[in-house]
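Chains E and Y, in that order, are what the protein sequence lines are.
Numbering (numbering that gives the first Met the number 0) for the first sequence: 0 to 114.
Numbering (numbering that gives the first Met the number 0) for the second sequence: 0 to 191.
Please note that the accuracy of each hint is not assured.
[What the hints assert, rightly or not] Looking from chain Y toward chain E, a few residues come up when the C-beta cut is under 10 Å (computed): (1) Ala25; (2) Arg33; (3) Tyr38; (4) Thr40; (5) Gln54; (6) Leu58; (7) Arg66; (8) Arg71; (9) Gly73; (10) Thr76; (11) Gln127; (12) Ala129; (13) Gln130; (14) Arg132; (15) Leu147; (16) Arg182.
[Stated by the list, open to error] Chain Y side only, calculated, beta carbon under 10 Å to chain E, not exhaustive: (17) Arg26; (18) Leu27; (19) Tyr31; (20) Ala53; (21) Trp61; (22) Ala72; (23) Ile87; (24) Val131; (25) Leu174; (26) Leu181.
[As the list claims (entries may be wrong)] If you anchor each label on the Cβ, the simulated ranges turn out as follows: (27) E:Gln19 / Y:Ala72: 23 to 29 Å; (28) Y:Ala169 / E:Gln19: 24 to 30 Å; (29) Y:Gly133 / E:Asp5: 23 to 29 Å; (30) Y:Arg179 / E:Ala16: 17 to 23 Å.
Everything labelled a hint here was simulated from the structure, so no lab data went into it.
Quantities reported herein were computed from a predicted structural model and do not represent experimental measurements.
C-beta atoms are modelled at their ideal positions from N, C-alpha and C, and glycine is treated no differently.
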Amino acid sequence: MNDNHDDDDRIDALVRAASQRTTDEALLANNVLRRIRQDRQGPAGKRAGLLALPSFAGPGRFAPAGFALVLLATPFAVARYPVDQTEAVVTALALGDLALIGPTDGAIFGRGAFE
Amino acid sequence: MEQPTSAQEAQRLMREIAAGRESALARLIAIYGRGLTLYATRFLGNAAEGDDVAQETFLRVWQTAGRFDPDRAGASTWIYRIAANLCIDRQRRGRFWRLFVRDDVHEMADLLQDDAPDAATTIAARRQLAQVRGAITALPERQRMAILLTAVAGMDTNEIAAIMGANQGAVEQLLVRARRSLRAQAGQDNER
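Go ahead and model the full structure; you've got the sequences and the hints to work with.
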């Protein structure tokens, strides 16, 4: 019985060890609170908050297949912002733009670049 | 593992969150954020999706804290139930996205940022952990949920039963089967 229990503990410890990764609770809290505030700001804020998720726009994250198609809107010109991805997405969406996020440097392409 | 906290403190935080106090939500995230992120990451097998589920869970906590009833469940049980449902939803509708999302990039970043000191971590140990991750991912959904809730989130069978909507006996069976599979996998790996 004790042997079984010890072995269960060993397996659980392996599962625990295999699940370790770096986490940042302060960043998590910051992201959640930012989304709460965006919700309060109405549709534009909600839309930006909805799409500025970490899997697409966090530091060190890469969009699927190199780019993330965020939103299609009116005809647009193309420009390039060498800015932080998250801020770029929020800015572009607040303007109702098409935004493509570059895979490496956070470059963003969209009509808002000229406004 | 979560920081130790009393049920009373968690209940007080839930009341404050329901009253709209953001600092209480930040404190709740400080207590449960890490464990919940680890749980969701390993359940879904993807760090970015684990982060998203953690974020969405606490957003739901903020939106629905007024419905929390301490007589029916503890705060941690209630929060993990939200996370468990989000994980299942995401897993079922996320198969398309997983064709494109670069899991390997996130896994590699996690390995590189591992908390364990490099000098003490052998290649064999890392390989074993990678194999355990694979074995966890291969478990049936409910077995995976049960083993992660106990091993990663530190829940007892009573709490897991409440989260999964099952009875305690069923949870114990899920844990027995999950550990048996993982033990068999570990045995195979040792024989190689």
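Hints, one by one, checked against the model:
no.	hint	verdict
1	Ala25	holds, 4 Å
2	Arg33	holds, 5 Å
3	Tyr38	holds, 8 Å
4	Thr40	holds, 6 Å
5	Gln54	holds, 5 Å
6	Leu58	holds, 6 Å
7	Arg66	violated, 17 Å
8	Arg71	violated, 24 Å
9	Gly73	violated, 20 Å
10	Thr76	violated, 19 Å
11	Gln127	holds, 8 Å
12	Ala129	holds, 8 Å
13	Gln130	holds, 8 Å
14	Arg132	holds, 5 Å
15	Leu147	holds, 7 Å
16	Arg182	holds, 6 Å
17	Arg26	holds, 9 Å
18	Leu27	holds, 9 Å
19	Tyr31	holds, 9 Å
20	Ala53	holds, 6 Å
21	Trp61	holds, 6 Å
22	Ala72	violated, 21 Å
23	Ile87	violated, 18 Å
24	Val131	holds, 4 Å
25	Leu174	holds, 8 Å
26	Leu181	holds, 5 Å
27	E:Gln19 / Y:Ala72: 23 to 29 Å	holds, 28 Å
28	Y:Ala169 / E:Gln19: 24 to 30 Å	holds, 28 Å
29	Y:Gly133 / E:Asp5: 23 to 29 Å	holds, 24 Å
30	Y:Arg179 / E:Ala16: 17 to 23 Å	holds, 19 Å
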